[in-house]
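Trainee: What follows is each chain in one-letter form.
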Amino acid sequence: MSVVTNTTTIGAIDAPSRRNTELVLVAFAVLISVFAYANVGLALNGELPAGMLGYGLGLALLGGVAHIAVRRFAPYADPLLLPLATLLNGLGLAIIWRLDQSERFQATPNFAAAASKQLMFSAVGVAIMVVVLIALKDHRILQRYTYISMLVALFLLILPMFFPAVNGAKIWIKIPGVGTIQPGEFAKIIIAVFFAGYLMVKRDALALASRRFMGLYLPRGRDLGPILMVWAFSILILVFETDLGSSLLFFGMFVVMLYVATERTSWIVFGLLMSGAGAVGVAMFEPHVQQRVTAWLDPFAGWGKLAASEQMAKSLMAFGSGGTLGTGLGQGNSDLIGFAANSDFILATVGEELGLAGMMAVLLIYGLIVERGVRTALAARDPFGKLLAIGLSGSFAIQVFVVAGGVMGLIPLTGMTMPFMAAGGSSVIANWALIGILIRISDTARRPAPAPAPSPDAEMTQVVRP
Amino acid sequence: MSELTLTVMRLGFLAVLWLFVIVAVQVIRSDLFGTRVTQRGSRRTAADTRPQQGRQQQAAPPQQRQQSGRQRRGAPTKLVVSEGTLTGTTVALQGQTITLGRAHDSTIVLDDDYASSRHARIYPDRDGQWIVEDLGSTNGTYLDRTRLTTPTPVPLGAPIRIGKTVIELRK
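Just so you know, the protein sequences line up as chains A and B, in that order. Each residue of the first sequence is one higher than the one before, starting from 1 at the first, in my numbering. Each residue of the second sequence is one higher than the one before, starting from 1001 at the first, in my numbering.
Just to be clear, a hint being listed does not mean it is correct.
To be verified - Derived DEER-like restraints, expressed as beta-carbon distance ranges:
1) A:Met-161 to B:Val-1008: 35 to 43 Å
2) B:Ser-1002 to A:Tyr-145: 54 to 62 Å
3) A:Val-124 to B:Thr-1007: 34 to 42 Å
4) B:Val-1008 to A:Arg-381: 48 to 56 Å
5) A:Gly-225 to B:Leu-1135: 55 to 63 Å
As the list claims (entries may be wrong) - Computed from the model, here is a short list of chain B residues facing chain A with C-beta under 8 Å:
6) Leu-1004
7) Met-1009
8) Leu-1014
9) Val-1021
10) Glu-1083
11) Gly-1084
Hint data in this document are derived by calculation from the structure and do not stem from the laboratory. By construction, the Cβ of each residue, glycine as well, lies at the ideal position given by its N, Cα and C atoms.
From just these sequences and the hints, can you work out the full model?
Mentor: Have a look at this one:
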């Protein structure tokens, strides 16, 4: 009869801070990356690579600094975001280093080792994340800059138009002495702030004022304004910068946030119709986009004739030769892809050397980051934080889909980089900043609510009046 | 480097990668469960219930034995919240007294503006019959449609209404 008087309390679960879980997982992620690095060295040269210690220490330092910053400035943050990002970054570094070792690459005239540069950019990225955590005490501060961030994002998006095209797309700006920057990666975060602030204010008008027609809520003509504007703007990006990726990203992100803000399926239908019409329309007359579509429809037909098709075909062959379990790190031939093998096509190396099993694990890790973002949005207590978190994780998901789908031949290839893994300074830095903002929102969301008054008085009970 | 070592490393790396994914999923598993049941106050209650328990045992040993052995046939085994903010919460009935109210030491803490801090309690009498008693609440406790004035036995499945919350006993 010991159970007779056990008191049982039923209450909402309170999230523990779980910082120690995070520390263990970050250490695990660093170990996996060092393992990958050692594996590449053993496979290529038969010995442990010389830079392993430096690489391992560098990555451990990055993970450690980021973890201490989270522990100090965002103690209730989600425990998974940081380890997942660290693992992707470390794995990407190992694969970039592996491609650096390729003799085919080293023979090309303008070869430059990318791994050490990428490690430096990762350090800058983690530093930016720490700065975000320190400077952004509360994500709701961003709400004040709704319209300023719109202007800044537009500026960043329009800027590359005035710079010469690189490889057919105008998404880079060149600053002498600093290098090239891809402003679209940063614009993605800033425009999420604008969409979140804007939709928070306008969502009632967009959600409620509608007529029902054939099971769909049709918005009024004048409420179509914002979506039409964003659509027109992404078409303009597509035409003038010939970049399908960022165009899809911005429009997709807006539609996702619009849907989340209004709970109306009709926006998704409109969004899909409009992006389909826009993409097909532009592909009709824009040669760069047309080329990509041709390479997508029949990659092997353009072998030896069209560089884009050949690259696409080689990527597909890399996936094929990997099979289920892969050829093993450092033992594939994905360096045959040549140009952009370590940035846009880095997934082809993953697919070849780690096989379908490794590819699935990597995609799951991306999926988990998105899941944590969406979970953060669900848990956030303020509508702005909800929309911002869903916008950021939505854009992350769209980017992963667009790149992975492009490399695997599901959709036409676009010039975007795989977040965290691909070589490219802007992408790594911007994505660390994105993770920083998500960590900040999740810290606010998971922080225990202030305790209610110790003993509610009987007076607080409302009296039912007949 | 021998072929065997490389194969082992290749499979080992995939295993480690998947292990990471599985560990990560284990970490988020806690998100899937909405509420947590904590057992607490064991020392204090154990101390001040022992005499009470002894008294009960002296008073009615046969029933006690029957109750602690196997549940009577047709006796409710759980209490289910069927309406209100705590909808879906269930508490296993193991012979303990269940207090309901907004006070934080209640068994079921009601987040309900129309509930009093100590609203009602549900307890088994000596025959193992479950009794609901109103503890002088502001808005009253209703069994079916009738407002309770005295401790009343609860039939299986009868709705007990407290403010916006409805609970019932089920098998």
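Trainee: Now, for every hint given, state plainly whether the structure supports it.
Mentor: Okay, the hints, checked on the actual structure:
Between A:Met-161 and B:Val-1008, the C-beta spacing of about 53 Å breaks the proposed range 35 to 43 Å. At roughly 59 Å, the beta-carbon separation of B:Ser-1002 and A:Tyr-145 lies within the given 54 to 62 Å, and the hint holds. Between A:Val-124 and B:Thr-1007 the beta carbons are some 38 Å apart, a value that agrees with the proposed interval 34 to 42 Å. Roughly 49 Å separates the CB atoms of B:Val-1008 and A:Arg-381, a value that falls within the hinted 48 to 56 Å.
The hint said 55 to 63 Å for the Cβ distance between A:Gly-225 and B:Leu-1135, and at roughly 58 Å that hint holds. Because the closest C-beta pair between B:Leu-1004 and chain A is about 12 Å apart, greater than 8 Å, the hint is violated. The restraint placing B:Met-1009 at the interface with chain A holds, with a minimum CB-CB distance near 5 Å, inside the 8 Å limit. Evaluation of the B:Leu-1014 hint against chain A yields a held restraint, the C-beta minimum of about 5 Å falling below 8 Å.
Satisfaction of the interface hint for B:Val-1021 is found here, the shortest Cβ-Cβ separation to chain A being roughly 5 Å, below the 8 Å cut-off. Taking 8 Å as the C-beta contact cut-off toward chain A, the hint placing B:Glu-1083 at the interface is violated, the least distance being around 15 Å. The beta carbon of B:Gly-1084 is not positioned within 8 Å of any beta carbon in chain A (closest approach about 12 Å), and the interface hint is therefore violated.
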